[in-house]
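For reference, the chains in residue letters:
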Amino acid sequence: MPGRKKLILESAWCKGCGICAAFCPRQVLELKGGKVSIKQAEQCVACGMCELRCPDYAIYLVNEEE
Amino acid sequence: MPSDLVHLYMRIDHLPQIWCPGCGNGVIMRDVAVAIHELIEDPALNFNREDFVVVSGIGCSSRAAGYLDFNSIHTTHGRAIAFATGIKFANPKLHVIVLTGDGDCSAIGGNHLIHAARRNMGLTVIAFNNNIYGMTGGQYSPTTPNGDRATTAPYGNVDRPFDIANLAWGAGASFSARGDVYHVRETIDIIKQAILHKGFSFVDVYSVCPTYYGRKNKKGDAVDMLKWQRDNLIPTARYYSMPEGERKGKKRIGILAYNDYPEYTEEYAKVIEACRKTGGEGEEARE
Chain A
30 MPGRKKLILE SAWCKGCGIC AAFCPRQVLE LKGGKVSIKQ AEQCVACGMC
80 ELRCPDYAIY LVNEEE
Chain B
8 MPSDLVHLYM RIDHLPQIWC PGCGNGVIMR DVAVAIHELI EDPALNFNRE
58 DFVVVSGIGC SSRAAGYLDF NSIHTTHGRA IAFATGIKFA NPKLHVIVLT
108 GDGDCSAIGG NHLIHAARRN MGLTVIAFNN NIYGMTGGQY SPTTPNGDRA
158 TTAPYGNVDR PFDIANLAWG AGASFSARGD VYHVRETIDI IKQAILHKGF
208 SFVDVYSVCP TYYGRKNKKG DAVDMLKWQR DNLIPTARYY SMPEGERKGK
258 KRIGILAYND YPEYTEEYAK VIEACRKTGG EGEEARE
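Chains as they are written, first to last, in our numbering: chain A, 30 to 95; chain B, 8 to 294.
These are calculated hints, taken from the structure and not from any lab test.
Computed from a prediction, not measured in an experiment: that's the story for all the values here.
Just so you know, not all the hints are guaranteed correct.
No more than 30 Å apart at the CA atoms, straight line, and that leaves these computed lysine-lysine pairs for BS3-like [stated by the list, open to error]:
| id | chain 1 | residue 1 | chain 2 | residue 2 |
| --- | --- | --- | --- | --- |
| 1 | A | LYS35 | B | LYS255 |
| 2 | A | LYS35 | A | LYS61 |
| 3 | B | LYS199 | A | LYS35 |
| 4 | B | LYS255 | A | LYS64 |
| 5 | B | LYS226 | A | LYS34 |
| 6 | A | LYS61 | B | LYS226 |
| 7 | B | LYS255 | A | LYS61 |
| 8 | B | LYS223 | B | LYS255 |
| 9 | B | LYS199 | A | LYS68 |
| 10 | B | LYS234 | B | LYS223 |
All chains, full assembly: derive it from the sequences and hints.
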C-alpha cells in the first residue's frame, strides 16, 4: 500500500518526558520503564504529532518499504 | 537511526542533546531545521544550505548552534546579535539566524537587541523564551512573570516582565511574531515568514522549562505546561474568531506586526555607492 507510514523509536534518545504519549490523538503510545513504547500500533493514523513535539527526536514516521 | 531530517541538519555525534526531559528547546530547534528545510525544498525560492548562518549566544537555548549542522557560531553572552550584525555586513546575501534565550537577548544583550531592531538590520532572531535562566540554576529573567518564583526570587518576583516581541517592535523591528512549542506547525510557518522577511525579524517562541521554572511554580510537568500553552496561546485566526470576553488572559500567537522599513545593509550600500560616485570626498567635494 503506497504512502503508508510507520512509527520508529530511537529509544536511546528518549528521556521519558511523556509529551508524545499525552498528545497522541489515538493513544498509540505509552511510557514503559521511563521510555516511550508502542502500545497499539494498529491505531496509529500517522498524524506525526509525536514527531513534531518530541524534544529529543526519539520518535518519527517513515514511509513503509514496499 | 535518527530521522532523515535530523541526519540532514543536525550534528548526530553531538546528540542526544543535553537539555532536560521535556525541555521545549529541542522542539524549537527542530522547528528551525524544518523551516529552513522547507525553504530550501521550495522550487519557487532559490535557497541553498550555504546561504544560512546560525549564530547563538550563551544559555540553554544557545547550545542549538552546536547541534544544528550549518555554518554556525556560538558566541559570548548577550552578543549573538552583535556577531550576527558583523556577519550580515560582511556578506549581506546571507540569511543570518540568531538563536538566543530570554536572558541572553533581553537582559545581557538587551542593548544589542533594541539597536539591531532600531536599525532594522536584516537578521532573524528567534528567542527560546523559557521565563528563567535554566543553565545557571533557575534565576529569574526579564520574562519571569510578576509574582512567580525563581531561585533568586524565593518569595515571588517583584519585577514586571518584558513582552520581548513588543519590545523588539517598539524598538523598530520590522517584523515581530510569537510562537510556542505546542502549536508546532504554526510556529514553523512563522519562522519561515520571519526568514523570508527582509528587515529585522523577531520571533518570541514560548518554550517550557519544567525543571526550574515549572517545578518552582508548581506548573506541573512538561505535559501540563504544554497543555497550558494549548489552552492559553491562541493562533491568530482562531483568536480573532473568539468572542472578546473569551480572549481575556489569553495571548495570540502568529505574526504580531510587520512593515517595510528599509533594511540597514541595503541603506549602507547606498551610502557606499554615493561615496564612490563623488570619489569618496563626500558632501564637501560637491559644494
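Status of each hint after checking the structure:
| no. | hint | result |
| --- | --- | --- |
| 1 | LYS35(A) <-> LYS255(B) | violated, 41 Å |
| 2 | LYS35(A) <-> LYS61(A) | holds, 20 Å |
| 3 | LYS199(B) <-> LYS35(A) | holds, 28 Å |
| 4 | LYS255(B) <-> LYS64(A) | violated, 38 Å |
| 5 | LYS226(B) <-> LYS34(A) | violated, 35 Å |
| 6 | LYS61(A) <-> LYS226(B) | holds, 24 Å |
| 7 | LYS255(B) <-> LYS61(A) | violated, 39 Å |
| 8 | LYS223(B) <-> LYS255(B) | holds, 25 Å |
| 9 | LYS199(B) <-> LYS68(A) | violated, 35 Å |
| 10 | LYS234(B) <-> LYS223(B) | holds, 18 Å |
The structure shown violates the earlier hints numbered 1, 4, 5, 7 and 9.
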